[in-house]
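Q: Chains as they are written, first to last, in the numbering used here: chain A, 4 to 257; chain B, 4 to 257.
Please note: incorrect hints may appear among the correct ones.
When chains are identical, the list treats them as one kind, so a pair holds in a single copy or across two.
Stated by the list, open to error - For lysine-lysine, the following DSS-like pairs were computed, each having C-alpha atoms within a straight-line distance of at most 30 Å: (1) K123 with K27; (2) K223 with K27; (3) K101 with K159; (4) K236 with K223; (5) K137 with K159; (6) K159 with K236; (7) K77 with K223; (8) K238 with K55; (9) K198 with K123; (10) K137 with K238; (11) K123 with K144; (12) K236 with K55; (13) K55 with K198; (14) K159 with K227; (15) K123 with K137; (16) K223 with K238; (17) K77 with K159; (18) K198 with K115; (19) K123 with K101.
Calculated from the structure, these hints are not laboratory results.
2 protein chains.
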Amino acid sequence: MINVCIIGSGNVAFHLHQAFTRSKAIEVLQIFSRGPAAIQSADKVRIIDDYKDLTVADIYVIAVSDDAVPGVAKLLPFQDRLVVHTSGSVPLDALADKNRRGVFYPLQTFSKERALDLNKVPVCVEAERPEDLKTLSSLAKSISDNVHFIDSGQRKALHLAAVFVNNFVNHLYQIGSRLCERHNIPFEVLQPLIKETAQKIVSLSPEDAQTGPARRNDQKTIEKHLALLSEEKHKEVYQLLTETIQLHYGRKEL
Amino acid sequence: MINVCIIGSGNVAFHLHQAFTRSKAIEVLQIFSRGPAAIQSADKVRIIDDYKDLTVADIYVIAVSDDAVPGVAKLLPFQDRLVVHTSGSVPLDALADKNRRGVFYPLQTFSKERALDLNKVPVCVEAERPEDLKTLSSLAKSISDNVHFIDSGQRKALHLAAVFVNNFVNHLYQIGSRLCERHNIPFEVLQPLIKETAQKIVSLSPEDAQTGPARRNDQKTIEKHLALLSEEKHKEVYQLLTETIQLHYGRKEL
């Protein structure tokens, strides 16, 4: 049995608490939450709002906003215990070194409105000491089939890649949705295409999956599309991504 | 029973032939293919390579590259029959007006390597005459549960939107994949995130689903990310999409 205290009550804390609670190998002892706790907790889990009340646990999971991680780690009133954060963009050594440090980074987009099966979510773990890495790895395997050892340098790159395939991709969805709206087309018409685009790259590399006017170097269609875009920023996005695709496939010289 | 002749033997022709063949309401009479036919055909379907051999059918489906549509339509040696193309970016009136014209546009990304259930694929139909629209609509409903009446103006916008949510999104996947490669991270780590990002917008609008440093206006993370990108074009893409998101959410003035 791995005993855990969760520090934080945002989206990540919420989903981790749910997943930890579901696992028989883990016991959540306490949740630290400033202000009224957003996490509804039954059972034995105590919600506390004073660091001094933190009990002894195998792992302290800090699930707060990136900027708050170092400050929270410093405030912990103990030492030589295993303290991890859950952030993709924060290095391990942002944690105060009075404790044994680690990272427990579930790579997924979390929102409280959407139930999420953490089972398939990649959990990236890192620790300074081999025995701590083992504990973290056990914790991760208790909630996910998809555990990876990723160091701080790799995690930085992964977090950046996630911005491209999640945040930026979602913004392209939004541009698509806006175009539909403007022409009285239900956005639902695009959803099967969106789904298939995301599924395709499981069996085909994105490199091989690329299609479209930029890839074909179909200048006539590209110009028609640019003429159709009424927002200046959307034109710029269309132009830059077209150019980047053309450069990538060697159709255009810089 | 709707009788169909398919003209073309590319990806779209291939998948339509498969879907039509599966439907009891449709009979494919002939497939016209220049050169050796890529489509393996059993049964009664005849592969022909001379337009003069085209038999009488209810609908002639031209599934060739966008540029070739007008030329092929002109070459058909008959008139007053229902002739449709399958292209998102070609207007209805690109077809020769000696025949009754229509469009049968399945909005999906097709590759021969991937089996595809056309059942969920939106099929956008358009025709000049109400009775032809009815026939096309029956044809569409025989292979898909997702049929829409979309005129040429709307289809242009839809095709453009599809470039954003399919071609450009795939290119962002590729940038993500490249970043993984460079840091010895298996691309599989990103796939659950990619899948969830695509699924999220079925229940949440892309507007509401937006997260990330640009949305949060987290300048520190944005700068760290830019410093980490080694390719100039990827930096430009990061910057432009960040700016577009910030402008959209009113965090930045032009």
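Q: So, for every hint listed, does it hold in this structure?
A: A quick look at each hint next to the structure:
| no. | hint | in the structure |
| --- | --- | --- |
| 1 | K123 with K27 | within (18 Å within a copy, 39 Å between copies) |
| 2 | K223 with K27 | neither (60 Å within a copy, 39 Å between copies) |
| 3 | K101 with K159 | within (24 Å within a copy, 61 Å between copies) |
| 4 | K236 with K223 | both (21 Å within a copy, 23 Å between copies) |
| 5 | K137 with K159 | within (22 Å within a copy, 55 Å between copies) |
| 6 | K159 with K236 | both (28 Å within a copy, 19 Å between copies) |
| 7 | K77 with K223 | between (59 Å within a copy, 21 Å between copies) |
| 8 | K238 with K55 | neither (55 Å within a copy, 45 Å between copies) |
| 9 | K198 with K123 | both (18 Å within a copy, 11 Å between copies) |
| 10 | K137 with K238 | neither (50 Å within a copy, 37 Å between copies) |
| 11 | K123 with K144 | within (11 Å within a copy, 36 Å between copies) |
| 12 | K236 with K55 | neither (51 Å within a copy, 50 Å between copies) |
| 13 | K55 with K198 | neither (48 Å within a copy, 41 Å between copies) |
| 14 | K159 with K227 | between (39 Å within a copy, 9 Å between copies) |
| 15 | K123 with K137 | within (20 Å within a copy, 45 Å between copies) |
| 16 | K223 with K238 | both (15 Å within a copy, 27 Å between copies) |
| 17 | K77 with K159 | within (22 Å within a copy, 57 Å between copies) |
| 18 | K198 with K115 | both (22 Å within a copy, 18 Å between copies) |
| 19 | K123 with K101 | neither (33 Å within a copy, 56 Å between copies) |
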